[in-house]
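Asks: As given, the protein sequences belong to chains A and B, one line each in that order.
Under this note's numbering, the first residue of the first sequence is numbered 1325, with each subsequent residue one higher.
Under this note's numbering, the first residue of the second sequence is numbered 4, with each subsequent residue one higher.
These are calculated hints, taken from the structure and not from any lab test.
Mixed in with the good hints, there may be bad ones.
Derived DSS-like pairs: lysine-lysine, alpha-carbon spacing no greater than 30 Å straight-line [claimed, not checked]:
#, chain 1, residue 1, chain 2, residue 2
1, B, K102, B, K126
2, B, K148, B, K424
3, A, K1705, B, K102
4, B, K126, A, K1477
5, A, K1477, B, K424
6, B, K102, A, K1477
7, B, K245, A, K1477
8, B, K226, A, K1404
9, B, K102, A, K1404
10, B, K325, A, K1404
11, B, K245, A, K1404
12, B, K304, B, K325
13, B, K101, A, K1378
14, B, K102, A, K1771
15, A, K1771, B, K148
16, B, K101, A, K1705
17, A, K1404, A, K1378
18, A, K1477, B, K304
19, B, K325, B, K243
20, B, K411, A, K1378
Now for the letters of each chain:
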Amino acid sequence: MSVLLDSSKTQPTWPIVIRRRQFPKLAWNSIPALLLIGVLVVLLAYPVGLLFLKSFVASRPGHTSVWTIQGWVEAFTDAKLPLALGNTFFLAAVRVAVTSGLAIFFAWVVTRTDTPLKGFIEMALWLGFFLPLLPVTMGWILLLDPHYGLLNKWLVGAFGLSQAPFDIYSYGGIVWCHLAFSTSVRFMLMTPAFSAMDAAMEEAGLVCGSNRAGVLMRVTIPALAPAVLASTALGFIRSLESFEIEMVLGIPAGIYVVSTKIWDFIHWEPPLYDRATALCSIFLLFIFLLVWLHRVFLRGREYVTVTGRSHIAESFTLGRWRWLTCGLCVLFIVVMIFLPLATLVIGTFMELFGHFDLATTWTTRHWTGMFTDPVFLRSVKNTVMLGLSAALVGTLVYALISYLIVRTALPGRGFIDILTWLPWALPGILISLALLWTILSSGETIKLLYGTVWLLGLAIIIKEMPLGTQIIKAAVQQISPELEEASKTTGADWLDYFRRILLPLLKPTMLSVAIIVFISATRDIPTVIFLTTHETRTLSLLMLDYMAEADQEKAAVLGVFIIFLILALLLIGKLLGFRRPSVS
Amino acid sequence: MLSMKKPVAGAELDGAEDCVGRPSAVFARGRFFAPRKRDHFCIGRLRTGETDRQPVQIFALAFWIAAAIVVLALPSLALAQTPAVWQQQWDNTVTGAKKEGRVVVFGPAGEIIRNALVEAFSKSFPDVTLEYVGGRAAEGAARVKAERDGGVFSLDVFIGGAVTAMELSAFGALERLEPALILPEVKDPKFWRDGRLEFTNPTTRYTLVFSSQPNPPLIYNLKQVNVTEIDQLYELLDPKWKGRVVLNDPLIAGPAGSLFRWLWRILGADQATDYFRKMRAQAGAIDRDQRRQVEWVVHGKYAWLLGPNNAMLYQLAQRGLKFGVLPEFKDYGTHIGTGSGCVALMNRAPHHNAALVFLNWFLKKDGQAVWSKALNLQTRRLDVPLDHIPSYLLVKPGAKYWISYYEKDALRSAREEAVIKELFGR
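Okay, chain A solo, but in the shape it has when bound:
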């Protein structure tokens, strides 16, 4: 059975919604959309263009700045670059392959089956996304370091092994430490699409004689291709850029990736931003390739799974197999999420994480120290303001852009689609620098933004635009245009449709995106580093202060605090009646 619908039967007729492959008719109400395109060009293309332009300017202290391609030449003639490129793509491919399988499995279990403890599994996987990467990696090192790792030591002692069975400083170690976070985030992005799918399609598959695995592979996953593909593409690009774990675990083992080379250039003294930008062009090229492939794959097909008809949300009955799916999920959660979380919390009560032989091993001073820091409260206030504003405004903007790309035929929407990927071609610190240059070279009115939390919010919205837009875009692709037609027939205007139909249907996806943006706002240091001031200090910069003084324990306290902060906000949201809406 095919779930691909004939696109000609479901075309929207809104003034700015023009049939595909027709010459665009610009109505007056296209102007806001065109304005949005203009704003995006200014916010995305201009800073990135400026950055690349400046990468051709070389300046060393005491010397005059000159135009040169030296930075690019030096970046690309590095003999070790091919090896780093190979490592980068290899690690990204393995990570994406493993996390794709896991995320699809968990999303399917939680949304389409009668597996016990589904609520717990979903909540725990969300928790995996909240875990701060570096402290968790420290926890894994404590367990799996070949020299002093506790688990290794125990295994060597218990089984009389000649050497430690695990080495965290390896390709496998890097992938392992990424698993919880990467799987969780992809689970979060896929779940709304899975839950919005009409079970009638799967029922039809079963009626036609397929078994449950066959239905999953031949109906469910193909029908959800936009969401799965978008999340895979995002995951792949994110993996290419990832550097924190690669730096901690890769460098001691001689495993270098492109992102650690970029980090090198940025941390040179004085920083070599030109070479860093030059290397970023690799990501840019790859993003263009990926966007093209994505478009080629989805071209000419529709992936509508949410229509105006009644929605069947029944679960597959797995019979006794449901205990196996439950057991696998719980095993993953215990090993990959609860174990590191417990290590993280225990670590915050140790004088020095992993050192059990000190005169004072246990302490609460990291907790008391953080709460008595005079800038803590201001940082919390700024972070909540930043997180909420970026999450709310960002998610709304991403939804508008997604609608514009998927449901209109405005000129330039393809260009906008590509533009939205741009922020992931650059590491956060270069985005921050580019934005700083852009704002400071603008008019006096725009310069007023400098030194405010709103500018930090803008930076975060830009940084997370690829994720937000692509995921919401995938969700919009699942919603049938007939709903838009129906709303128009009943006399609603476009705003009514957007507000009362589209947004509620997108709510689960938007909630996931909003939480990701919020987390990013609370944790992201590089993207805001050039834009913060004394007054706009956030929790992430407080974390930087702690790490500068080798106090990773206090930084971990902050990580745990942020988890509680998010859980509290979610709880408040729930108490205020914010629930995942029924798609029917």
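With chain A held as given, fit chain B onto it using these hints.
Replies: Below, chain B without anything else, positioned relative to chain A:
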């Protein structure tokens, strides 16, 4: 002759850099701050060896006599203005600062230094808010440049490393510092080590070095290493250490970068290249996590660590980690750095009066004591207690030191950079 080792014939000495007016950074015995004979009169000349120094001895003597007269005369000249004059200037500045209400200072990241400075300054000047922006100095410089290109002037005072201060100076962001020093106890050289205010560039005098200390070249595991096995530079290349050594990454800014610069200067280009190559072969790991590499040594994963971070060592020792510290090599001494111990006044500072108030407060005993206590670093002021500073960070009479913070020594030569990149590049 104060240097211990003759330059190797044909060795690269970066002659042009060596000879810019100031007692050079080539290591000196006894008093690390003492100007070296051989560097004084080589402006515009390429140093070629010991014999070159003979013709200038008479000039050297004359210079020292003249310098002594100037030094003796300076206090009376400097303090020639009556107390009423500086007091009046100071009162006016403080009044102006109160009107401005705040001062924006960029300095090293860290909760301890941030809170210590803000708290102490607010006690002394409750009407002036200190806005302390902490971060990596290089990022601070990039930001200041962008701001100034865009016509924004937000920063008043910069505290950081010599290289970044040099960058700020290069794009004309700094103001000469001496005219900003108002309080006699700040501007009077007698309160400062070596009887002078130390600048990274004695000609331009934009950046004042207020704090400098010896950097211990390595730390070691107390159970695995006897200090006598590693207290000479070439002992580190003993095959028994192969694979048991961790190097702090010299590629990026930091103490290891400075250490490798020092080795390059004292060994000369050829010998240093050879030494670096052999050291690279010894290394079991090259790491950037400056806390973890210390922990590796404590855990016994590696026997010793080359190029540790001072501040990190102190923090971790305070918290209970035990490791041995080699203060300097017996044969080559060590290098002296500033860390973040340079201060500069921004020109077109938006809160100029408040900036002057902060600078004078910061450079007098009170401010320097706060700095020294918070970071456990030695200030160059002579009246600040040293009892809280670990002994390996104190300048020792008779030890050999190379000074790393002069502008002329700040950047690597092209050859040096190529070698470092080839051996340690990713």
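Asks: Which numbered hints are broken by the structure, listed smallest first?
Replies: Going through the list in order, the structure violates hints 4, 5, 6, 8, 9, 10, 13 and respects the others.
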